[in-house]
Amino acid sequence: NAGVTQTPKFQVLKTGQSMTLQCAQDMNHEYMSWYRQDPGMGLRLIHYSVGAGITDQGEVPNGYNVSRSTTEDFPLRLLSAAPSQTSVYFCASSYLGLAREQYFGPGTRLTVT
Amino acid sequence: AQSVTQLGSHVSVSEGALVLLRCNYSSSVPPYLFWYVQYPNQGLQLLLKYTTGATLVKGINGFEAEFKKSETSFHLTKPSAHMSDAAEYFCAVSEITGNQFYFGTGTSLTVIP
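Protein chains in written order, with our numbering: chain A, 1 to 113; chain B, 1 to 113.
Treat each hint with caution, since some may be false.
Now the stretches of chain A that chain B is said to cover, found in silico as 3 or more residues with beta-carbon under 8 Å [claimed, not checked]: (1) 31–43; (2) 48–62; (3) 102–113.
Under 7 Å between C-beta atoms, here's a sample of chain B residues computed to sit facing chain A [claimed, not checked]: (4) Gly43; (5) Leu44; (6) Leu46; (7) Lys49; (8) Asn99; (9) Phe103; (10) Gly104; (11) Thr105; (12) Gly106.
Here are the simulated distance ranges between beta carbons [what the hints assert, rightly or not]: (13) A/Tyr95 - B/Tyr39: 23 to 33 Å; (14) B/Glu66 - A/Asn28: 24 to 34 Å; (15) B/Ser12 - A/Met41: 15 to 25 Å; (16) B/Pro79 - A/Ser80: 46 to 56 Å; (17) A/Gly51 - B/His82: 34 to 44 Å; (18) B/Gly16 - A/Asn65: 47 to 57 Å; (19) A/Ser18 - B/Thr52: 36 to 46 Å; (20) A/Ser18 - B/Ala54: 40 to 50 Å; (21) A/Ala82 - B/Leu7: 28 to 38 Å; (22) B/Ala54 - A/Gly63: 35 to 45 Å; (23) B/Ser26 - A/Gln57: 17 to 27 Å; (24) A/Arg109 - B/Ser12: 20 to 30 Å.
In case anyone wonders, no lab produced these hints; they're calculated from the structure. All residues carry an ideal CB built from backbone N, CA and C; glycine is no exception.
Model the full assembly from the supplied sequences, consistent with the hints where possible.
Right, here's the structure in full:
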């Protein structure tokens with residue numbers, strides 16, 4: 001049982017490049033989400049999904065796309081990277097309902113130059 | 001949307017002293033409440049949660065938190081700090097009728113030997 005996995009761990013992009021951050025979970029969780037963590041700002045929700053084929057925007061969705069074709073995978077796409085997207089990105093998953101504590105991946109540290 | 005306030009972005013305590021980390025939320029309807037811990041260069045790990053039932057909740061590593069509806073608070077405590085408790089702590093809430101999690105900005109705990 002690997003929990004929540006994220007790849008890559010580190011990434012450097014040039015402004016304007018695109019890339020996909022991968023997230024996978026093997027706990028059969030309905031709910032998956034992406035956060036970015038910036039100093040002094042805590043975690044801010046980018047996008048989330050309550051099941052395969054269902055996604056919705058969080059607090060800071062601009063510049064990011066997601067899709068959820070399977071229960072296990074929830075990739076985050078940066079369409080045209082900007083320096084403001086330099087951050088640490090965390091993927092998390094959980095059951096819905098009462099047992100909804102989130103399990104977090106180890107994070108991806110992204111730098112956009 | 002919910003807001004979560006963590007008073008004190010940095011807290012220092014002596015080893016063996018009481019740890020008190022404060023969290024207040026904005027909702028008039030009691031949400032689900034969580035405390036997470038983040039060690040350097042790692043993802044977040046659940047310390048404890050409140051969903052229903054007893055308002056005093058015990059978690060891992062000797063931490064506990066008390067839900068006080070009248071004060072809209074969920075403060076985290078530990079009777080005796082240990083060096084290994086040095087980390088970043090995040091309070092989070094999730095509305096009972098919603099799917100989003102809202103995080104506070106975090107409190108960095110330093111334990112002084």
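Glycine 51 of chain A versus histidine 82 of chain B beta-carbon gap, inside 34 to 44 Å or not: holds (41 Å)
Verify the CB-CB distance for serine 18 of chain A and threonine 52 of chain B against the hinted window 36 to 46 Å. Since serine 18 of chain A and threonine 52 of chain B have Cβ atoms about 44 Å apart, the given range 36 to 46 Å holds.
Would you say the stretch 31–43 of chain A counts as covered by chain B, given the rule of at least 3 residues with C-beta under 8 Å? Holds: 7 residues of the stretch 31–43 of chain A have a Cβ under 8 Å from chain B.
Under 7 Å is the threshold here; is the Cβ of asparagine 99 of chain B close enough to any Cβ of chain A for the hint to stand? holds (6 Å)
Per the hint of 20 to 30 Å, is the separation of the Cβ atoms of arginine 109 of chain A and serine 12 of chain B within bounds? Because 27 Å falls inside the window, the suggested range holds.
Hint validity - leucine 44 of chain B Cβ closer than 7 Å to any chain A Cβ: Holds, because the Cβ-Cβ distance from leucine 44 of chain B to chain A comes to roughly 4 Å (cut-off 7 Å).
Interface hint compliance - glycine 106 of chain B to chain A, C-beta minimum distance less than 7 Å: Nearest chain A Cβ about 5 Å off; hint holds.
Alanine 82 of chain A paired with leucine 7 of chain B, Cβ distance criterion 28 to 38 Å: Given a distance of about 33 Å, which is inside 28 to 38 Å, the answer is holds.
Given a hinted range of 23 to 33 Å, is it respected by the beta-carbon distance of tyrosine 95 of chain A and tyrosine 39 of chain B? Since tyrosine 95 of chain A and tyrosine 39 of chain B have Cβ atoms about 25 Å apart, the given range 23 to 33 Å holds.
Status of the hint placing leucine 46 of chain B at chain A (closest C-beta pair under 7 Å): Nearest chain A Cβ about 5 Å off; hint holds.
Hint check for glutamine 57 of chain A and serine 26 of chain B - Cβ pair distance inside 17 to 27 Å: holds (21 Å)
Glycine 63 of chain A and alanine 54 of chain B - C-beta distance against the hinted 35 to 45 Å: holds (43 Å)
In this structure, none of the earlier numbered hints is contradicted; all agree with it.
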